[in-house]
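Asks: For the protein sequence lines, the chains are A and B, in the order given.
Heads up: the first sequence runs through residues 1 to 291, numbered per the numbering used here.
Heads up: the second sequence runs through residues 1 to 163, numbered per the numbering used here.
One thing to keep in mind: the hints can contain errors.
Rough simulated footprint, nothing fancy, chain A against chain B, three-plus residues with beta-carbon under 8 Å [as the list claims (entries may be wrong)]:
| hint | stretch |
| --- | --- |
| 1 | 32-45 |
| 2 | 49-59 |
| 3 | 62-72 |
| 4 | 81-87 |
Worth flagging that the hints you see were computed from the coordinates, not collected in a lab.
Every residue gets a Cβ at the ideal spot worked out from N, C-alpha and C, and that includes glycine.
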Amino acid sequence: MLNYDQPPPRRRLLPAHWFYAADSFARESEAMSHRLPWRYAGLAGDSLVDGVEVEACGGFLFRRQRMDAPALADWLGPFATRLDLMSPALSAPVGADAVEFAANWKILVENTLDDFHGSTVHPQTIHPAVDADWRQHLHTERHGPHSHSSWKLSAATAQWWEKLVARGGLARFAAQDRYDHTYIFPDLYVASFHGAMVIVHRVVPLAVDRTRLEWRTFLPSHNPGDRKRDAFRRSLAGQLALSARQVIEEDRPLCEMVQAGRAGATGPGMLGWREQRIGDVHDALATLLDI
Amino acid sequence: MTDGWALLGRAADLAEPGQWITGWLGAVPVVVRNFAGTPRGFRNICSHRFAQMLTAPTGKGPLRCPYHAWVYDADGVPKAIPFNDTDFHLGDADRQALALPAVAVLVTGGLVFTHLQPDADPAPVMGWPLTDGPFPQHLPDGSLIGPDAAILERRSSQRGCGC
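Excised from the complex, chain B in its bound form (with noise of 0.2 Å):
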């Protein structure tokens, strides 16, 4: 059982401020990106009008939308949303309120877990022989791992039937 905990990637891809990882629970896209140190995971869709916002795997650089150039900050609220003042003029309630929801993260073992509940336990995943051979192990999300965190295969790679 993997209580909808999953593995998205390596810690080694988040360890620089502004890096951030991508993946798939079930039919829902996430992202964690580190923000001034702190790993923080959100839906990976813009607020205004529902874009994927980052596609490749990994990378670096701020959270933005490539529609129209939404960037979100660390609580995942639009801190800079272009034309603001003459074709959106939302104030800080406004925007507090479109906050991208947060997902729950996880970082143990070299490796990033992220749940669609913020408030997810962390408990099945700290379970999980992760660092433990033999190797390669599947994990109770159907990933494959090998030694030293490496990744095999991520089931969070695709795009689920989210059924």
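Just chain A, with the same shape it has in the complex (with noise of 0.2 Å):
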């Protein structure tokens, strides 16, 4: 379903250069660091510089940037709530990967906000994984530059969700048939699977057409120390790490086609009704922007 009964506005898009043009990649990275309010900074846990001021939610922690930053839970909206209630997951962490891609940062953070590319780009992963009807039971959420989608699994896939629960008595953070994707701006998604398996994403810049998608995969279990759950789960987690991978590897090249388009694009572009969380990011880097 959409969120509105009327067509949303027309948005407009950042001009290409900040998507090819290292000048403009240094200028908007000096704005990241010094004009955000607060940006993600790593998990409960991990070792941080020393000195910076972070903030958790949950097991999620923030880096305050400025010192007038509103509150981190105002900053979040409705979305800290979702943070905390992925946050007892992040105690088991079972795989850690990463991606290079030959892709400015935001055709990356594009990609994971369209919503309706899994016929095209993922037709045997995340398509078939998802209720066939799915355009009826997306549900989206925006606040500011931030949102949430929610997707209703396929029976199929749902139903195996619930005998690996079962066989390898993983515990749930939530009793939900679907698959949610949390977008804290500008870096940080967060991806769960029948409110059991928590994927964590750190989209990291590393030159203006260059850019490392990091991930860490949790998935929790109610009998930590049973060893033939403890084997189970090792499995499944090598299988679900595998199954991540491929459907990073299937964005991959698409992320790179906008990069090798971008810059002679001539056209304003174009986001449909379902792609507004795009236009907030691009509503959200123009204002950091001043431009």
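Fit chain to chain and form the complex, with the hints in mind.
Replies: Here you go:
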């Protein structure tokens, strides 16, 4: 379902140079470091740089970058509750991975906020995992540049997860038959499946046309120490890690094709009704960059 | 002097309707496709979210973006937009406004040339010695051709700096 009955406004996307010009990247990096009020800093237990003022939202740490920053809860809005809800899962890390993209970081963000490339880019992975009538069941919530989308899993995928929960003694942070995606501007997004598995992604800009996507997977159980269930959970974690990487590897060439096309595009681009989350990010960046 | 013209490929690779050739004019990806017998060239960049659409050097099939499956017609206008009725609501005028920018196409001497300006004067290319030897021969755009329109080196196969 769409969250509005009236056409959303046409959004203005950032000019192309913010995607390929080195001096624009430097200016943007400066703004991100000094003008953005809060920025994701890591997870509880991570070693952070001394002297950095961080505040926690559940197990998620955020660095205060401005003295006049709003309260973290106000910055995160309704998604503070969501991050808090998922935080118990963060005690059970089962894997970490990273992939470098030959693309600007904003293209990765646009891609992860894009709700409808499943059938074209992920026809064998994400697309069959969600309900066939996904457009009817998709819920999206927005708060400034942050947003959340929630998908109903297909019946087969939900049943598969039910079996895994039972066999592996998995601990669910919420009883949900959904795939949830929470994005916190500019560089954090958290995916969760069936209220059981949590994947924390971080988008790390390396250069104007190079970005590393890092992700960490969490799969908590009720009975850590149970050898049989632990072995099953390890095996499952390995399988899920391969799936997660496959999805990212499906996204990577598309992001790189956008990077290849971005500099040569002459038109304004077009965001559909379901792409307003992307417009939110562009608006936030335009404000941050004073353009 | 190339006056902006560049060798894109062999006319034989555009012989059948639906066949296409891709390449780069500086930093701009371009595509020339046979639309029902007529070669038409465009910037190879989707008007939706700017993805480069076709990446193989040659091929056959619709001019379709792999990201969200927008399909473009002979005028560069998106004729198929998945979920248009519910998510885009683009009428004819909106679609026309999203037409791909055209590029000039010239087929001569068994070779296909392109230029970013759709109304570029083809005279410079007409003066290039495409069919007379000696071969191999360097074209003004830096490409290298042999006899019978054989392309030994194609400058437009690589992305340029655009400077």
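Asks: Against this structure, judge whether each hint is valid.
Replies: The hints, checked one at a time:
1. 32-45: holds (count 3)
2. 49-59: holds (count 6)
3. 62-72: With 4 residues closer than 8 Å to chain A, the stretch 62-72 of chain B meets the three-residue bar; holds.
4. 81-87: holds (count 4)
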